[in-house]
Every structure is written in structure tokens, then in C-alpha cells.
Amino acid sequence: MAKQPVAVTLDDVTRVYKNVKGRPDVVAVRQASFEVAPGELVTLLGPSGCGKTTTLRMIAGFDLPSSGLIRIGGEDVTNLPPNKRDTATVFQSYGLFPHMTVAENVAYGLRVRNVPKAEQEERVRRALSLTGLSDYAERSPGRLSGGQQQRVALSRSLVVEPGVLLLDEPLSNLDALLREQMRVEIRRIQKSLGITAVYVTHDRTEAMSLSDRVIVMKDGRIRQIGSPSTIYEDPDSVFVAGFVGKVAFFPVAVEGLEGPGCACVLHGKTVRAGKRAPGVAAGKPGILMARPESLRLGAPGQGVADGTVRQNVYLGSSVETFVTTEYGELLVQVDDPAGKRIPAEGEAVSISFNEARVRVLPPETE
Amino acid sequence: MPKKTTILRFLAALALFAAVDAWVYFTLRGTLRSQEARDSESRLTLLARSAPADPENLDTWLASVPESLPGGAAVYLIPTEDPEAYETRSSDEEAARLWDSVSGGADAAKGLESAYYFENYASPQRVEYGGQRVRLFYAPVLDESESELLGIAVFLAPEAGNRTLERLFALFAVGTLVLYAALSGISRFARDPTVGYAVVILAGIAGVFIAYPLAEALRLSFLKEGRFSLEIWKDVLSGAHLQALWGSVRLGIWTASVSTVIGFVFAFAIHRTGIGGKKFLSTIAQLPVISPPFSLTLSVILLAGNNGLITRQLLGLQNFSIYGLSGLVIVQTVGMFPIAYLTLAGVLQAMDSTLEEAALDLNAGRWRAFRTVTLPLAVPGILSAWLLVFTNSLADFANPLLLAGNYRVLSVEAYIQVTGRNDLGGGAALSLLLLLPTLTAFFLQRNWVAKRSFVTVTGKPNAKLVEIASPRVRFALGAGVWTCVALILGLYGTIVAGCFVKNWGIDYSFTLSNIGEALTRGRDAIRSTVTLAAAATPVAGLLAMAAALVFVRKTFAGKRVLEALMMTPFAVPGTLLGIAYILAFNKAPLILVGTSAIIVINYVIRELPVGIESGVASLRQIDPSIEEAAKDLGADEGTVFRTIVLPLVRPAFITSMSYTFVRSMTAVSAVIFLISARWYHMTVLIYNFSENLRFGLASVLATVLIVIVLGAFALMRLLVRDTGALEKTITR
Ligand SMILES: Nc1ncnc2c1ncn2[C@@H]1O[C@H](COP(=O)(O)OP(=O)(O)OP(=O)(O)O)[C@@H](O)[C@H]1O
Ligand SMILES: [Mg+2]
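Those protein sequence lines, which keep their order, are chains A and X.
Per numbering that gives the first Met the number 0, residue 0 is the first one in the first sequence, and the count goes up by one each step.
Per numbering that gives the first Met the number 0, residue 0 is the first one in the second sequence, and the count goes up by one each step.
The shape of chain A in the complex, shown without the other chains (with noise of 0.2 angstroms):
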């Protein structure tokens, strides 16, 4: 199943949902552009109603953008219906035929390409066993696990060996434990092809662990493209800071930016940031943020803030310490905690942060 992988381009695309009986339009879909490169595994993530789906089915053929291009491999697919072009849609309800066995299923996009008998039977061979269901080919899909219904949907989309491979929630109806080892799997199989891949998620620790990049959405609109970490080590807005991971927000006003980096003022008192984001402005206020692991506990009036511990949870590798502050409750993660003194519940605290490590943000405009 080796085929040269291609590349997917949006355009400005836009996608406008008419206002049904009065109510005002949804913009679902607002001046969406990017490209994912040959090869490239990249998710979709943002909360529900984003419009992550949306973008996913402009792709597939199943929307049409309002306005905007869509192109596959360099050829402009906008207008093409979902059967010219060259995707396959891995559904968040699987989408199988419950009229046909496992192994009918996963011929079906070959029967219909009119591909050799034989031929289809190798290839729906081999892909059954790539996703370990050799052994189910006869079986009817109603009477198959969540994993493997799963797993037949994607023998499906991969038998007929597509430029791009689409991905909707795929994993969501699966329990905790499945929906890792399909994670694994997922990645596993699409490095292993070298398959273009769009996956769209809303589970952020599933778009970190699978991407090659991670494109964050909110209302329609794309706020920041980038690897796992960039996003997360370095997000451009408040909402992806706070999408992605756990953080600590400290309102502050910038005083002059200084190399990667600013100084700003927090509560009257001077403190450095070593990273901060586009946008940020000397004289304007900002948000500075610190994820649990950059920062650190320390004695009453040691820090940039006071506080009282209010819960300890022992997590083995780190301990996870709530601190109740003036800027609400924060979470200090205490990496190896063994020889380490933990601060016990309702003793007065201090936080400082790493300030290499911390990086201002643009207060959220919306």
C-alpha cells in the first residue's frame, strides 16, 4: 500500500451556514488556511462546536466551502464530490454496512473502483491483517466490539490506499484504555504507510501524543498552528495556553521587551519573562502564564504570590499542590518528590516561577 503520499492545501475557506428560520448565520468555518505537508499526521482541536467537523467533511467533499479553495496534491478539489476525490473518511460512527460482512466491507471501495477479483481479495487480505482481523473477515460488523468496528472502518479507508487519510474523533466512542492502544495503533500504521492524515480530536492529550503538528481552533477560527510542544511550551493566546494544558495566569503590564523576552510589572514588583508572544507591547497590559512544572513553592512573601496550600495529590512522579490565591487556584507540580519537603494542606505558601520558562501572552480580545 505504498503510493506517494500527497499534499492537502485550504485556502481563505469559509464555511457559512444560512440562517434557518430567523436565527442569524453560523460561520462555522471562518478564513480557515493551512497545508499539511506529504506524510504529515496533523489534528484538528478545539472544543465542541468549533468547527473541526466541518472543516474535516469540506475536505472529504461532504460541505462545500462558502467560499475559500481546497486543494489535494496541488489540484484545486473544491467543487469535486467525495467520490472524485482522493480521501477516505474513518467516521466517528464507523459508518459500516451492516448488510455486509467484515471482509465485503472492506472491499466495498475496491468493488466499486473495479478492481481485479484477485486483487481485491490480496489487498483486503492485507489489510485485514494490518490492523490485526484476520480472523473476522466473515463476521457481520453488528456483531463486533467498539474496537474492532473501529478497526474495520480503518482497514476500509486504507484498502483503497487514499491520498489523505480523514479522521473524525475516530476513538471517542471507545473506553479509556482501547482508546489508547488505537492511539498507538492509529500513529503506528499511518507512520508505517507514510499516509497523509487529518485527525480531528477534542481531546487534547490524544492531539498531543499523535500529531506532527496541532492546529487549535476556537468559534470557527484558527488560532495557532504548530508541533505538540510549540503549542504547549509556547502558545500565541490565553485560549490555547489554557486549551492545551494546565496553567497559571498572571495579569500583568508590560514594561519593555527585552530579546525573546519581556519585563513587566506584576503587583508593583519587576519580574523578567523569558519568552513572549506576537503581539505584546511595551506600555499595554499582558497575561503571563507559567504551566505547573515552571513553577515553584517557596516561603510566605518569597514569591510573586501568596497563598494557602488547599490540597496535595500524590501522583508517584510529582506531587500536584493547589494553591488558593488572589489569582485564583493554582497548580504547582513538584517533580520527584521523594527528599523534597511538601508543604501540608493549610500551610501559607509562596509561588514563584521559573522565569526562562514563562512567557507573556496578549490579553484575549474577545
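Do not take every clue at face value.
[To be verified] Lysine to aspartate or glutamate pairs mimicking DMTMM-like chemistry, simulated, CA-CA at most 25 angstroms apart:
(1) K3(X) to E74(A)
(2) K3(X) to D62(A)
(3) K553(X) to D62(A)
(4) K17(A) to D191(X)
(5) K17(A) to E627(X)
(6) K190(A) to D24(A)
(7) K83(A) to D622(X)
(8) K116(A) to E230(X)
(9) K217(A) to D62(A)
(10) K3(X) to D10(A)
(11) K83(A) to D635(X)
(12) K553(X) to D85(A)
(13) K553(X) to D305(A)
(14) K233(X) to D422(X)
(15) K339(A) to D305(A)
(16) K3(X) to D11(A)
(17) K17(A) to D622(X)
(18) K283(A) to E325(A)
(19) K3(X) to E230(X)
(20) K245(A) to E328(A)
(21) K83(A) to D191(X)
(22) K83(A) to E160(A)
(23) K586(X) to E230(X)
(24) K245(A) to D211(A)
(25) K17(A) to E562(X)
(26) K190(A) to D202(A)
(27) K274(A) to E160(A)
(28) K558(X) to D24(A)
(29) K558(X) to D62(A)
(30) K3(X) to D75(A)
(31) K83(A) to E627(X)
(32) K245(A) to E160(A)
[Stated by the list, open to error] Looking from chain X toward chain A, a few residues come up when the C-beta cut is under 10 angstroms (computed):
(33) S183
(34) I621
(35) D635
(36) I643
(37) L647
[To be verified] Okay, the calculated bits of chain A under chain X, using three or more residues with CB under 8 angstroms as the criterion:
(38) 76–83
(39) 88–97
(40) 105–111
Rather than coming from a laboratory, the hints here were simulated on the basis of the structure.
Even for Gly, the Cβ is constructed at its ideal location relative to N, Cα and C.
Since the structure of chain A is provided, determine the placement of chain X with the ligands on it from the hints.
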């Protein structure tokens, strides 16, 4: 948005097609006109030849000219000594005056000159005669040796021209242009042309075979001798016909009320109490739904008619008559209470019996639990059942036709107006009048009652049964239900018995001769009935599923309108549809009356709504991503329909096909207007036999029909059963 070049190319192609289309049209019309001109000239020449040589007979000839030349006249000129003067004779005063006014002109001179050279002259001049434009045609009248000019005939001939044919050409030209524009537009601009084509085809079918005939019926009810007039409606809304309307409504109210009560008793007894033989009872209670028209009436006449077995032979009643309202209520109730039963059975089955249990727990008596919980919850269902039976009773045609006697109902009135008085417009108006109460009931049921019943009746369909009937009540219910069932079986038994009786009412000796005679005389009718129903069946099934798919899964402009239009035949009484079809299809551009096509089309159109509904219901249960997955894997719309949709909606597909088959086999109200000598229908033959008191023959045919219908249903059961497992996986 399509690209500009695509639009330009489309417009260019359209213009080219329009040019060719117009060229073909004008060429055809030109040919037609010159052909007609030649025809009319040779006719006029012949007419001139027929002019008598003897001037004595001229007046008779002149008077006879309008006969061979409708709307025309002639002037006859006899040459005199003076080459400039003629003796003039003419058909009438107006012609003479006309000739006076034109004879001095240059054109007339030219015509006369041609005549002197023994040649015809068709003048380009047009004049008014008798209120229409006529042309002048000069023809010489020669003696036998064709050497001497006896006279000159000047014909005032109405403009030749076959308007209908010309209009047909024009319609054709415009039609092809529109069709071309639609189809090529779809193939160029639509992303998925198949859907576009499907919509165009459905819209075409709905337009031509539903909207057009109904519109024609409405239009023609406002015409009298080709002009707009309210006369028909004045007549229809006068006392006599209004009485028939009231008759229909009264019958509807009676039948609906009695049927609902019986239907409720059946539904309650079978689904809410522990009486025995439920399955059998339920089957028998559904039997009359599929029984052919006339069969129950026939049976009632055999038992209680003027020479009925019970009324005359057993009881010796003299002045009893089953004909009229009471008889009608009886047969209609037997035939229609199953509708109420099925509706109410659904409601009672879906009702959560824990509610009743709760009421009983609160120490309410059984009767009280029934009255305060069961009954109020069933009210929407009861109303729904009542309205459904009411609509059916009003649209019923077969039972009143045989059994009404002097009682008047609209559907029969409309039939008599058409067949007895040959008044199609009047018949149309009468059946349109019938639409008033039927549509009201239909919409009430659809939009009000049906919706409410969904709100109130919730819960698990398999909730455990709570027996709220006391043993005594249960016994009474059981007795009532079993009596009804015995009555139904007795009625069917009577029909079968009728097959073997020599002369019912007079001579009850056993015979087999009815069977032979009925099968011989009915052979053609049986064959054509089965053929036509079988032809309609797959067409209706496929069309219904395709329409359901389009309605459930696609969005396009005008979808609601198309949907409503396709569902219309469901609410329209068959009588109206039948009359509308003869009105619309006995003339250009679509002359179908007398063909088998009109009957098949009528079947398909009438049964489509039910098929579409079941298709829609079953598609709604299928996850759309199944079809999307197929498309995604490279299947086009047609392939998806064939390989995914049809197999998945198979139960609905088969059900709707067998439904179409059975309903077409037992059709009468519409088809009675559409049959011809060649394409006859068994039901009409049964009616004819009954009318002629040949009850034995009628019984045989009714039995044959019942057997065919039951066979079709058994086959359907067989085909649908093994799909039960499938349905479950679809709805997972
Ligand atoms: N057919 C439609 N008609 C009107 N509005 C729609 C339609 N489909 C989606 N929307 C709207 O578009 C927006 C984006 O929907 P979309 O399905 O893309 O969200 P999503 O990101 O996939 O959400 P989820 O995570 O819940 O699946 C939503 O506000 C939704 O209500
Ligand atoms: Mg979604």
C-alpha cells in the same frame, strides 16, 4: 460558485440549442402550413368542380357550400355578354355584400383574370366574414370538355391551419429546450448530477401526473362550453348535491364513530388484557384492510339483501332493506375498523403501563385507573383513528355504489355525473367538493393529532402488561371480540359459499358451473388486472425509495413543495383523481385515455405516498455516515442507491411494493374511470356481475382476488422476515 467561463459556455450551448430548436420548429410549421394550404386548395378545386352546370341548381349548391367548408361561403359569378360584368349569386347576404366591397379592387381583377386562363388564384387578401378572417380563393368552373368557362367560384375560406398540431409542435419545441436547459445545467453546475436528475424527474412526474390533472379538474369545473362560468358550481352547490355532501359526511361520522369504538375494544382486549388467541384475533382484525372492494358488500347482499339468505329465507322479512345508511355503516365499519384497530393498537402498545400500575397502587379501582389514566392517554390516538376512518369512509366509492340504494353520497354522485350524464366538469366539481371534508380531516390528523400523540405516548414498548380488566370485563370484551371475528369470518365464508350456489336467493343447489363461467368470462380481466398491478409494483417501489432518499438526505430549492405535492394523492379521493385523469389525458399533448399506461401511472401515483413514507421512516433510522462512507470510497450516487440504500431499506421497499400490488389489484374508485375494453379491471367486473344479479360469478371472482391478495401478502411476510436481524444492526 461556478466559474464565469463555465456559465458562458453553458449559455453558448443553450443559444446554439435554442437556434437549432427554433429552426426545426419553424421548418416543421412551414411544412405543415404549406401542406395544409395545398390540401385546402385541392379541396376547394374539387368543390368548384362540383358546381352544377345548370344555373337553376346553383342556389342549392351555394347553400350547401358551408357544409363542406365550415364557416365559409361562396360567391358565384356567371359571365355575361359584357366581359366586364357578371351575374352574381352568393351563399348569403353577407357574402354578397362582401363581394361588392372587394370586387372593384385590383386583387379581384387578378383573380378573375386567372380564372379566364382556367387557373386557380389564392388571393393573399384577408377579409372579415362571419366574425372570422377568411381568405379569397378564385376557382374557374369549366364545362365537361374543360374548354369553356361556365362561371367563377369565389370561395370565402376560413384560414386553414391545424392550430392544435401547431401548438403541439410549439409545446414540443419549448419542452425540449427547457429539458435541455435543465439537464445540461445540472450536468454542468451540479456537483452531483444524479441528484439533480432525480429531482428533475420527480418534479416532472409530480407536475405532469399530480399537479396538472388536479389543476385541469379545477379549471374545467369553471368552464361551460369553453368559457369561464360559475354555472357548474352553482349547480353543484344547489340543494340536491349538497344533500349528497351531507350524506357522505353523515355516513363518515357514523362509520368513524362505530369503527373507533370497535377498534378500541379490539386493541384494548388484545394488547391490554390476557384474553386468549391474540395472534389469531389480531390477524383476522387486519384481514378486511386488504379485502377487495365489493366483496364485503356482496356478502352482505347475499345475506341480507332483497333476496338475502337470512332476511328472506330464514326470517321471512318482507319490508326489510339493507340498502341505505344502516347497511353502509355496517359494511364500512367491517371494512374500516381495522384502521382504527391498528392505530389504537400502536398507541396502547406504546403506552407505559407502569402509569396504570401506579394508579392501581394508589388504590384506585380498575375502572378508575382505566378512566383516569388509560383513556386520557389514548385520546390523541382515538381522535387520530376517528379522523382516519372518517377520511376513508368519505373517499369510499365501492360500497355505496352497490349498497347506497336511495341514500346519496358524493363519490357515487360524481361517478353518475360522469358516466350517466357524461358531464365531466360536473363530476370534477362534485369530487372537488368531497375534497373539502377529507382534506380538513387529513390535515387535522396530520398536523394536530398525530403530533400530540407523540408527546403523550412515551415509554418502553415492551413494558410489562398490567391487567387492569377484571375477569368479568375480560369475559365481556372477549365475547364481543370473538363475535366480531365470527361475523367477519362468516362474511368471507358467505363469499366462498356463493361460488358453489346455483342461483342465490332462489335455488341453493350445489354447482361448479359458476367457476368455469366466471373464469372464462373473467380471464382477460384477471390477466390485465394482474399485469397492470405487476407493472406498477416495481416502478412505485423504486420511485418511492429514490424519492425518500432525496427527501431525507438532500437539500434543494423547493423541496417542501415537491414533498407536499408528492404526498397529495394520499389525501385525494380516488374518484377525484380518476376524473382528473380523464380530463387531463384525453387531449393533446398527452393522450393516454384508453391505454394501459394511464392505469399504471395512476396506480403508481396513488401508492407513492405510502411507499415514500415508509422509505423515509426507515432511512431516518440509518446513520447517514453509512452512505457517506460508500460515497467516500468512490461510489457515485447511483451505486450508493443500488448497493447500500436499497439493501438497507429492503423491508420498507418490499412492504411498499406489496402494498402497491395489493392496492392496485383491489383498486376501483379511480380505475373505474380509466379502464377500457382492452384493459379491464376485475373489481369492475365483480361490480357488473353483482349489478346483473349474477352473484355466483361475482363470488368466484372476489374469491380469486382474495386468494391473489393473500398470496402476495404471504410472500411479502416471507421476504421481509429474514431482515429482522438486519434492522437491528442498522438502528444500533
Ligand atoms: N448543517 C448545519 N446547519 C447549521 N449549522 C451547522 C450545521 N452543521 C454544523 N453547524 C454548526 O457549525 C458549527 C461547527 O460545527 P462542527 O460540527 O464543525 O463542530 P465540531 O467542532 O465538530 O464540534 P464537536 O466537537 O461537537 O463535534 C456549530 O456551531 C454547529 O452548530
Ligand atoms: Mg464534530
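Status of each hint after checking the structure:
Straight-line distance between C-alpha atoms of K3(X) and E74(A) comes to about 19 angstroms, which keeps the hinted pair within the 25 angstroms bound. For the suggested pair K3(X) and D62(A), the alpha carbons sit about 22 angstroms apart, so the restraint of at most 25 angstroms is met. With a C-alpha separation of about 12 angstroms, the suggested pair K553(X) and D62(A) falls inside the 25 angstroms cut-off, and the hint holds. This hinted pair checks out: K17(A) and D191(X) have alpha carbons roughly 21 angstroms apart, not beyond 25 angstroms.
Taken as a hint, the K17(A) and E627(X) pair is honoured in the structure, with Cα atoms around 22 angstroms apart against an allowance of 25 angstroms. Pair hint K190(A) plus D24(A) does not hold up; C-alpha atoms about 40 angstroms apart against a cutoff of 25 angstroms. A hinted pair counts as satisfied when its Cα atoms are at most 25 angstroms apart, and K83(A) with D622(X) qualifies at roughly 22 angstroms. Annotation: proposed proximity of K116(A) to E230(X) is violated, straight-line Cα distance about 72 angstroms (limit 25 angstroms).
Only pairs whose Cα atoms come within 25 angstroms are accepted, and K217(A) paired with D62(A) is accepted, the gap being roughly 19 angstroms. With a C-alpha separation of about 20 angstroms, the suggested pair K3(X) and D10(A) falls inside the 25 angstroms cut-off, and the hint holds. A threshold of 25 angstroms between alpha carbons decides the hint, and for K83(A) with D635(X) the separation of about 9 angstroms falls inside it, so the pair holds. With a C-alpha separation of about 23 angstroms, the suggested pair K553(X) and D85(A) falls inside the 25 angstroms cut-off, and the hint holds.
Taking the CA atoms of K553(X) and D305(A), the gap is near 61 angstroms; set against the 25 angstroms cutoff, the hint is violated. With a C-alpha separation of about 15 angstroms, the suggested pairing of K233(X) with D422(X) holds against the 25 angstroms cut-off. Using a Cα cut-off of 25 angstroms, the hinted pair K339(A) and D305(A) holds, with the two alpha carbons roughly 20 angstroms apart. For the given pair, K3(X) sits about 20 angstroms from D11(A) by alpha-carbon distance, which is consistent with the 25 angstroms threshold.
As the CA atoms of K17(A) and D622(X) are separated by approximately 24 angstroms, the hinted pair is consistent with the 25 angstroms bound. The hinted pair formed by K283(A) and E325(A) meets the criterion: a straight-line CA distance of about 22 angstroms does not exceed 25 angstroms. For the hint pairing K3(X) with E230(X), the CA-to-CA distance comes to about 55 angstroms; that exceeds 25 angstroms, so the pair is violated. Distance restraint check for K245(A) and E328(A): the Cα-Cα separation of roughly 11 angstroms lies within the 25 angstroms cut-off, and the hinted pair is therefore satisfied.
This hinted pair checks out: K83(A) and D191(X) have alpha carbons roughly 10 angstroms apart, not beyond 25 angstroms. A distance of roughly 14 angstroms separates the Cα atoms of K83(A) and E160(A); the hinted pair therefore holds under the 25 angstroms criterion. Under the criterion of a C-alpha separation no larger than 25 angstroms, the hint pairing K586(X) with E230(X) is consistent with the structure, at around 23 angstroms. At most 25 angstroms may separate the alpha-carbon atoms for a hinted pair to count; K245(A) and D211(A) meet this at roughly 21 angstroms.
For a cut-off of 25 angstroms, the pair hint linking K17(A) to E562(X) stands: about 22 angstroms separates their Cα positions. Between K190(A) and D202(A) the CA atoms are separated by roughly 21 angstroms; this keeps the pair inside 25 angstroms, and the hint holds. Our distance criterion of 25 angstroms between C-alpha atoms is broken by K274(A) and E160(A), whose separation comes to about 43 angstroms. Between K558(X) and D24(A) the CA atoms are separated by roughly 21 angstroms; this keeps the pair inside 25 angstroms, and the hint holds.
The hinted pair formed by K558(X) and D62(A) meets the criterion: a straight-line CA distance of about 19 angstroms does not exceed 25 angstroms. Between K3(X) and D75(A), the direct Cα distance comes to roughly 16 angstroms. Compliance with the 25 angstroms bound is thereby established for this hinted pair. A distance of roughly 13 angstroms separates the Cα atoms of K83(A) and E627(X); the hinted pair therefore holds under the 25 angstroms criterion. Proximity of K245(A) to E160(A) is assessed by CA-CA distance (about 39 angstroms); at most 25 angstroms being required, the pair is judged violated.
For S183(X), the interface hint is violated, the least distance from its beta-carbon to any beta-carbon of chain A being 17 angstroms, above 10 angstroms. Interface restraint check: I621(X) against chain A, minimum CB-CB distance 9 angstroms, threshold 10 angstroms, status holds. Interface hint status for D635(X): upheld, as the beta-carbon distance to the closest one in chain A is roughly 5 angstroms, under 10 angstroms. Nearest Cβ of chain A to the Cβ of I643(X): about 6 angstroms, under the 10 angstroms cut. The hint holds.
Taking 10 angstroms as the C-beta cut-off, the interface hint given for L647(X) holds, the closest approach to chain A being about 6 angstroms. Counting residues of the segment 76–83 of chain A whose beta carbon lies closer than 8 angstroms to any beta carbon of chain X gives 5, which reaches the threshold of three, so the coverage claim holds. Counting residues of the segment 88–97 of chain A whose beta carbon lies closer than 8 angstroms to any beta carbon of chain X gives 9, which reaches the threshold of three, so the coverage claim holds. Residues of the segment 105–111 of chain A lying with their CB closer than 8 angstroms to a CB of chain X number 3, which satisfies the three-residue condition for coverage.
Checked against the numbered hints listed earlier, the structure breaks hints 6, 8, 13, 19, 27, 32, 33; every other hint is satisfied.
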